[in-house]
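Construct the entire structure; sequences and hints are all you get.
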Amino acid sequence: MTATDDAAALTAFIRERLVPRELQDRFDETSPLLEWGVLDSISTAVLLGFIRRELGVIVPAAQIEPANFADARSVAAMVRRLAPLTPG
Amino acid sequence: MGTPDLYVSGVGVCLPETVTVEHAVSAGWYPAEQAELHQLGGAAVAGDVPAPELALRAARSALARSGRSPADLDLLLYASTWQQGPEGWPPHAYLQRHLAGDRVLAIQLRQGCNGMFAALELATGYLRAGPRGRAALLVAADNYGTPLADRWRMGPSYVAGDAGSAVVLDTEPGFARLRSVCSASVSAAEEMHRAAEPLFPPGITQGRALDFAAHTERYRQRAIGDGSGTGVLVTVHQRLAEVIDQSLAEAGITLDDVTRVAVMNHSQSITEQMCEAALGLPLSRSAWEFGRNVGHCGASDQILALEHLVAAGELGPGDHLLMLGQGPGVVLSGAVMEILDSPAWARQPAAGNGARGNGARA
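Top to bottom, those sequences are chains A and B.
Note that this note's numbering numbers the first sequence so that position 64 is 64, with each residue one more than the last.
Note that this note's numbering numbers the second sequence so that position 214 is 1214, with each residue one more than the last.
Since the hints were derived computationally from the structure, they do not count as laboratory data.
Do not rely on the hints blindly, as some may be mistaken.
[What the hints assert, rightly or not] What follows is a list of derived Cβ distance ranges for each label pair:
1. B:Phe1200 / A:Arg26: 36 to 46 Å
2. B:Gly1028 / A:Arg26: 36 to 46 Å
3. B:Pro1317 / A:Arg26: 52 to 62 Å
[Unchecked claim] Not close to chain B: a few residues of chain A, all C-beta gaps over 12 Å, as computed:
4. Asp25
5. Arg52
6. Ala77
No experiment lies behind these values; they were computed from the predicted model shown.
A virtual CB, placed ideally from N, CA and C, is assigned to each residue, including glycine.
Put into structure tokens, the structure is as follows:
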């Protein structure tokens, strides 16, 4: 899967699984996940589970910073940075 | 902190019989859509058995199983999350009078659902500072079947169960070793558990009910409305990940060594996400199948799971239990227990009616 594919997959997953229905139409990779309240402790866990399971990347504690979850594009960039570091 | 010099010599529970979610839905107490969403099985309900009595029954069991006598105890810590009895009356004095005696230092801890983790941390320091050969009795108990508490609607993803739980933390070898225990806070999120009401006068004095669901929703709406956002809740998850790393590192193990995980008794999806996202483990490695049928029992969930898994033979010598908790504050906690032995009480046939611990009934 390419970096572009990862970003598209992340954006689609967030839109379909985490974004409230009334906001889905205007959601894109630059939509603010924190200001919109899309991410809380549990939905962050859901997103990290998707990244681990579908993208094969384990996000270490030090990277679970709000700045890395500002929008889908930020999440994708973090995944790209971490991908070479994930064992296996 | 790493705690290779401390053991659990006894664990006891007082777990009343379960009232099922099915019954709660048919009675109109619990919304059917919540039942479908969360897949919970029920809640342990103690009826009119006071919380300190639940604590006493669990403590008696733990002390008997430990082989210790009350005279061996240096410390009694009593963790609770809800009203215990007459206001101004200390529930730990009830346990002193009926079990531990007057010579122990006895203190109540109001550390929310992380109370047992706080007790483990404080007792570790206390026992290490004192003479060798001593032990501490740590108990937790709550009965939510009171006015101003609705066990079926208290939180957004759980139902509240009643229970007492107790461990004897020991400087002499026991059936388990406490390998590590640690906590971390995200105080920037403290408002999450009070957002729906003012600090003064305290809600209980105004007859306001305990309602974490309302606080959480109000907090979330305010964070979205004022533009501050929910970044602090991402930090909560970060702190949990740090606590997991620290618990394992200080225990000298890795995730590969973890046999089972005990988290708070929340919904299936939350338990799954805790296991999968934070640990990469399937739900089957948690204590979900047990916890879903007793409810979220205040500060007792992880100790109830420890007792259940050992009694059921699902944890045996050489196994490790990772215990994780999250409570108001927000406080995240972790601990690792290594099972050293199959205690005699775990080899006895279980009672047939599902309730455990000296006959508490709904």
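Verification of the hints:
Between Phe1200 (chain B) and Arg26 (chain A) the C-beta distance comes to about 41 Å, which sits within the given range of 36 to 46 Å. A hinted range of 36 to 46 Å for the beta carbons of Gly1028 (chain B) and Arg26 (chain A) is consistent with their spacing of about 39 Å. At roughly 57 Å, the beta-carbon separation of Pro1317 (chain B) and Arg26 (chain A) lies within the given 52 to 62 Å, and the hint holds. With a cut of 12 Å on Cβ distances, Asp25 (chain A) stays outside the contact zone with chain B, its closest approach being about 18 Å.
The beta carbon of Arg52 (chain A) is not kept farther than 12 Å from every beta carbon of chain B, the shortest such distance being approximately 6 Å. No beta-carbon of chain B is positioned within 12 Å of the beta-carbon of Ala77 (chain A); the least distance is around 16 Å.
When each numbered hint is compared with the structure, a violation occurs for hint 5 only.
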